[in-house]
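Number of protein chains: 4
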Amino acid sequence: MIIILKSNLTLAKEEEIRKFLAKKQVEVIPVKRSDKTLLVVVGRFAELTKREVALHEYVDTIVEIDRPYKLASKSFKNINSEIKINGTTIIGGKEIVIMAGPCSVETKDQIREIAKEVKGAGCQILRGGAFKPRTGPYDFQGLGKIGLHFLKGAAKENKLAVITEVLDVREVELIEKYTDIFQVGTRNMQNYPLLSELGKSHKPVLLKRGMSATYKELLLAAEYILLGGNEKVILCERGIRTHVPETRFTLDLNAVPYLKHETHLPVVVDPSHGTGRANLVRAMSRAAIAAGADGLLIEAHLDPRKSISDADQAISTQELKKLVKEVKRIAVAVDRK
Amino acid sequence: MIIILKSNLTLAKEEEIRKFLAKKQVEVIPVKRSDKTLLVVVGRFAELTKREVALHEYVDTIVEIDRPYKLASKSFKNINSEIKINGTTIIGGKEIVIMAGPCSVETKDQIREIAKEVKGAGCQILRGGAFKPRTGPYDFQGLGKIGLHFLKGAAKENKLAVITEVLDVREVELIEKYTDIFQVGTRNMQNYPLLSELGKSHKPVLLKRGMSATYKELLLAAEYILLGGNEKVILCERGIRTHVPETRFTLDLNAVPYLKHETHLPVVVDPSHGTGRANLVRAMSRAAIAAGADGLLIEAHLDPRKSISDADQAISTQELKKLVKEVKRIAVAVDRK
Amino acid sequence: MIIILKSNLTLAKEEEIRKFLAKKQVEVIPVKRSDKTLLVVVGRFAELTKREVALHEYVDTIVEIDRPYKLASKSFKNINSEIKINGTTIIGGKEIVIMAGPCSVETKDQIREIAKEVKGAGCQILRGGAFKPRTGPYDFQGLGKIGLHFLKGAAKENKLAVITEVLDVREVELIEKYTDIFQVGTRNMQNYPLLSELGKSHKPVLLKRGMSATYKELLLAAEYILLGGNEKVILCERGIRTHVPETRFTLDLNAVPYLKHETHLPVVVDPSHGTGRANLVRAMSRAAIAAGADGLLIEAHLDPRKSISDADQAISTQELKKLVKEVKRIAVAVDRK
Amino acid sequence: MIIILKSNLTLAKEEEIRKFLAKKQVEVIPVKRSDKTLLVVVGRFAELTKREVALHEYVDTIVEIDRPYKLASKSFKNINSEIKINGTTIIGGKEIVIMAGPCSVETKDQIREIAKEVKGAGCQILRGGAFKPRTGPYDFQGLGKIGLHFLKGAAKENKLAVITEVLDVREVELIEKYTDIFQVGTRNMQNYPLLSELGKSHKPVLLKRGMSATYKELLLAAEYILLGGNEKVILCERGIRTHVPETRFTLDLNAVPYLKHETHLPVVVDPSHGTGRANLVRAMSRAAIAAGADGLLIEAHLDPRKSISDADQAISTQELKKLVKEVKRIAVAVDRK
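Residue numbers (my numbering), protein chains in the order written: chain A, 38 to 374; chain B, 38 to 374; chain C, 38 to 374; chain D, 38 to 374.
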């Protein structure tokens with residue numbers, strides 16, 4: 038249950054109704070949005086009836102929701118959320134958005150050259166890791182702050198927006214200065230302190246599905262961010278752990294139509310990590326868009342054989358051009374662009 | 038390694054070279070094809086060199102294959118196999134083939150009505166189960182022989198080809214009289230006596246992937262059929278067992294481009310069983326074709342709520358029409374039709 | 038619901054009550070046991086009440102069962118089934134039963150030597166494959182009938198019982214002559230024609246869990262055999278497909294206490310195939326017995342490095358001796374022997 | 038490769054050899070242990086030979102390691118690590134250690150009463166969550182700091198050590214004051230900033246396996262902690278995500294002997310979360326110890342039906358007493374106590 042307060046109530050009035058509800062044993066979590074305040078009801082009404090709440094003079098409307106995730110559900114918001122990135126690009130609108138770039142930012146020149154190719158191929162957003170979550174402590178952990186600097190510079194030069202990963206709750210503030218979208222990786226989907234911290238930011242968050250998460254768990258992780266007041270959450274399918282040995286992960290495209298039925302949030306797909314095999318990326322990109330995805334996250338290198346990390350799944354920038362062309366044709370076939 | 042003998046050798050000459058090889062400790066399995074005979078080499082050459090074999094006067098050519106599946110591999114045959122069904126329809130050609138129908142044949146009228154709708158929607162092949170593999174012995178096991186009769190009649194009336202499942206090695210002969218394509222279900226993918234028996238048939242076999250099979254295991258199961266001399270094998274992705282509770286199975290579309298890289302055999306997809314949810318079937322059908330599949334196997338009912346088995350995943354025949362239209366648009370976007 | 042008829046009714050009387058029930062729209066499947074006949078009710082009572090049936094003069098008692106598997110459930114039979122093998126050995130009693138031997142019967146001498154060691158180590162049953170279900174058609178498929186002959190000879194010489202696998206419904210009769218226990222492999226757990234055929238045999242059947250089967254599916258597969266009248270079913274956990282790459286399968290010991298809560302049938306464990314790693318077999322054997330298993334199925338070779346198939350998981354016969362000793366200590370610690 | 042420096046070198050001398058190696062392009066990570074310093078070599082020797090390093094006057098010895106995890110591997114340390122908890126209890130020694138308690142600390146009285154029962158049952162360590170990682174943001178998140186206070190008090194009163202979970206890198210310092218062992222939950226196994234922070238602590242860390250982690254990934258996660266200088270890492274198997282619907286997770290006991298072969302670190306098992314079913318906990322506890330585990334983590338409540346979180350898997354304190362008795366018998370049967 039969500040209680041939507043009337044717009045532009047004074048803080049005093051908000052406080053007043055919260056006290057009233059507390060006295061009546063209705064426990065709520067307030068969510069501050071830009072224009073109005075929501076009160077998410079935790080548990081059940083006790084002494085009050087729904088009707089009594091709905092009739093309260095400060096209440097605009099109340100919404101009943103039969104899902105464990107509330108702000109993320111279609112019952113709460115029935116039109117698709119369009120998330121503006123950096124003024125121009127929209128994720129969740131009619132146009133498919135393609136984010137591409139290397140696994141890691143390696144040098145200033147490397148990221149500048151790739152950025153140019155990414156732009157040339159028709160992509161809108163530049164991806165690149167400066168802080169890398171590596172399975173082993175002896176693997177390359179990313180360039181850190183200087184990497185962020187290179188990434189932002191390369192993006193600006195080419196009029197691209199930036200997406201990069203945040204690993205550590207203590208680095209949110211730093212990364213916010215450089216990125217247009219925070220990426221939360223698969224290993225951190227249930228890092229609740231990090232999610233809550235990102236809920237306080239005004240920048241969009243791309244939340245990757247945990248590698249053994251259910252759809253419900255992904256939506257509940259998104260709810261942690263939404264509950265902080267940040268409405269700009271993008272869900273990302275990136276492959277799950279299965280018994281299949283021939284691919285690194287099993288990209289689960291069923292997630293796309295399932296999530297589209299359940300939530301108003303945009304859904305994008307990462308076929309690079311999701312399959313771990315460069316020769317499957319183009320086909321699975323086409324399939325993702327055909328299934329209804331709003332965008333793609335693609336790992337591309339100038340010369341994939343020379344990349345420091347994750348070479349098996351990276352495609353070349355030439356291959357990226359082909360991919361964008363093929364994907365655009367599919368987009369048109371599903372009435373998008 | 039495969040030794041391809043010259044065309045139209047007499048049986049005596051074939052026998053002669055086989056004896057020669059046996060004497061030299063080269064163990065082979067002969068595979069009789071319509072126009073020529075192949076000798077699949079098991080293990081390694083011992084006393085003979087490849088060159089000596091290649092120069093033998095009865096040998097056309099020899100093919101080296103670095104995969105455990107040989108006849109199924111692209112190294113053996115580098116162009117896609119086109120499998121003719123019933124004279125007119127081709128699976129594996131430019132045109133997408135859609136097989137649709139109910140889970141089970143229930144009555145003569147039911148299957149006739151559905152057949153008409155399936156034809157009207159633009160599908161080429163009628164599916165329907167007469168012998169059903171049911172998890173529990175108390176579930177409806179299918180109508181048996183009379184079901185085959187109803188199915189064939191309904192298909193003929195509507196100029197559709199027929200696909201139906203074979204469960205029991207002792208029923209191959211019976212079912213062969215009624216069907217245009219044998220379906221081998223997921224539970225029987227590794228029923229080797231059944232596969233070997235189907236290898237002796239001249240009718241095509243649609244082989245469904247086991248619900249926890251790897252791609253290699255699927256290709257090796259196909260090899261059992263191919264080794265019997267039957268070249269007409271169609272592979273079918275139908276969902277795998279994973280931890281995801283929201284779908285009945287996880288339809289693994291990565292299988293499509295992977296298999297297309299590895300084999301010349303056609304690959305089709307069953308999004309109905311593969312997801313177990315009717316509301317995902319259209320999206321996943323589009324995705325399957327975008328990923329490169331040659332066709333679809335769809336469960337459709339006049340009124341899905343009334344079907345005896347598997348209602349959750351069946352779509353209505355109206356929904357089927359929409360599906361065919363959407364899929365055709367995707368087909369065009371990937372240069373097919 | 039199961040209707041248990043009074044003992045030693047004439048066939049005419051059995052026929053009489055079945056007709057009576059049919060007329061009242063109660064659909065039943067008759068199950069002939071050595072001493073009495075059961076009528077398993079399919080679906081619900083329609084015109085009759087349970088009371089009316091229970092009062093019928095030919096009815097001994099009726100049992101309500103809230104599980105999809107009926108004859109396999111504890112509601113039907115509340116004491117553990119003890120299955121006599123070959124007169125002396127009992128599976129499901131107080132004593133732990135160990136079945137050991139090679140993956141395949143390779144030569145007469147090989148199986149004789151192993152049999153001697155198996156007996157010497159304190160095992161009761163000799164395992165060995167004569168018909169092998171091999172993933173690829175080019176792998177060794179077993180010696181066939183002559184292998185059965187060697188196996189039986191070796192067992193007899195050492196006063197061991199025999200267990201061997203049946204793959205093909207057409208070979209049940211042949212194998213029945215040689216074996217004391219039929220083994221149904223993981224790939225055939227849902228081969229329903231085979232299960233039904235084995236339901237007609239009087240010899241025990243060890244049913245291996247499918248590699249992605251649920252516990253319910255295993256119990257329903259057992260039900261197919263029980264429904265044919267064969268009460269002697271032994272369930273076997275043998276590892277499931279998971280994402281874990283370090284073992285060939287994930288031996289799922291949770292199955293042991295779960296099944297023991299649900300069914301009266303004995304439960305044994307195969308840690309050799311279940312892990313695929315010889316160095317885990319002893320530890321997992323101890324764990325299986327500690328979890329409540331009634332026995333073990335162990336792959337052992339004189340010299341594991343020389344075996345034709347499955348060497349990675351086979352232990353040496355010396356190792357087998359250690360295993361038996363360790364397992365006996367655990368057996369005592371759980372009040373067995 | 039690990040370079041072990043001579044004991045009690047001055048910091049100046051350590052600095053000297055590090056500079057020498059750096060000049061020769063040998064990249065190392067220094068690990069400060071209580072008595073000596075290790076230099077873990079990242080990558081390969083370039084200009085120097087191993088012999089040259091080994092002969093350096095400040096070097097005690099160098100150890101070659103063929104695993105991606107180095108400090109965790111048996112090649113580095115060949116005797117089992119015994120981790121002292123709070124002076125008296127040792128994890129990894131001959132005696133089995135049992136940690137038990139409620140999922141969450143709910144009230145002061147609740148945890149005091151349970152602590153008494155836990156002690157009475159013969160357990161050594163009290164578990165209880167004050168900061169809870171909950172899948173949904175609307176679930177009870179724990180009492181926080183006051184919960185830690187209650188927990189420590191209850192433990193002290195009963196001479197038990199304490200284990201509690203740390204979720205947030207910013208709370209390490211706070212929790213360190215109250216706990217004897219940090220618990221890192223399954224969702225945080227790859228929370229690398231948290232692991233690195235715990236590497237700086239002197240208190241033991243119980244690291245739970247991620248629910249879809251491989252064994253190698255678990256060992257690499259442990260390596261992050263070890264590399265910080267904290268040697269006191271305890272590994273914990275707690276169930277993995279599989280297709281099996283009848284249990285909440287599949288407790289993977291194969292991990293126990295596998296890890297025992299690979300690492301010197303202690304291995305404990307959590308059968309409560311690992312199965313999610315109270316009626317499997319005793320059997321799987323016995324099995325864990327039979328497989329070689331060093332201890333158990335058990336969820337127990339005075340009245341499991343009344344607990345706020347995770348009631349399905351909690352056993353009663355009476356049941357806990359039985360469990361301890363049964364486990365002790367198994368311990369003796371594997372030459373432990």
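The set of hints was computed from the structure by calculation and includes no laboratory data. The reader is advised that the hints may include incorrect statements.
It does not matter which identical chain is used: a pair holds within one copy or between any two.
As the list claims (entries may be wrong) - Here are the simulated lysine to any residue pairs, SDA-like style, with alpha carbons at most 20 Å apart:
#, residue 1, residue 2
1, K153, N45
2, K87, S118
3, K214, A158
4, K111, Y175
5, K362, K374
6, K87, E213
7, K343, G80
8, K253, T172
9, K61, Q355
* Under a CA distance limit of 20 Å, which applies to K87 and E213: within one copy, between copies, both, or neither? -> So K87 and E213 fail the 20 Å test inside a copy (40 Å) and across (45 Å) alike.
* Tell me, please, which holds for K214 and A158 at an alpha-carbon limit of 20 Å: within, between, both or neither? => Neither. Shortest intra-copy (27 Å) and inter-copy (55 Å) distances fail the 20 Å Cα cut-off.
* Asked: Between the shortest in-copy and the shortest cross-copy C-alpha distance, which are at most 20 Å for K87 and S118: within, between, both, or neither?
  -> Answer is neither; intra-copy 27 Å and inter-copy 57 Å both fail.
* **Up to 20 Å CA-CA - T172 versus K253, copy category** => The answer is between: 9 Å across copies meets 20 Å, while 26 Å in one copy does not.
* From the Cα coordinates, with 20 Å as the cut-off, is the pair K153 and N45 best called within, between, both, or neither? -> neither (45 Å within a copy, 54 Å between copies)
* Asked: Is it within, between, both or neither when you check K61 against Q355 at 20 Å Cα-Cα?
  -> neither (64 Å within a copy, 39 Å between copies)
* How do K343 and G80 come out at 20 Å by Cα distance, when the copy is not named: within, between, both, or neither? -> Result: close only across copies, 17 Å inter versus 54 Å intra.
* Alpha-carbon proximity between K362 and K374, which holds within one copy, between copies, both or neither at 20 Å -> both (11 Å within a copy, 19 Å between copies)
* Asked: When no copy is named, should K111 and Y175 be tagged within, between, both, or neither for a Cα gap of at most 20 Å?
  -> Classified as between; 18 Å across copies, 44 Å inside a copy.
When each numbered hint is compared with the structure, violations occur for hints 1, 2, 3, 6, 9.
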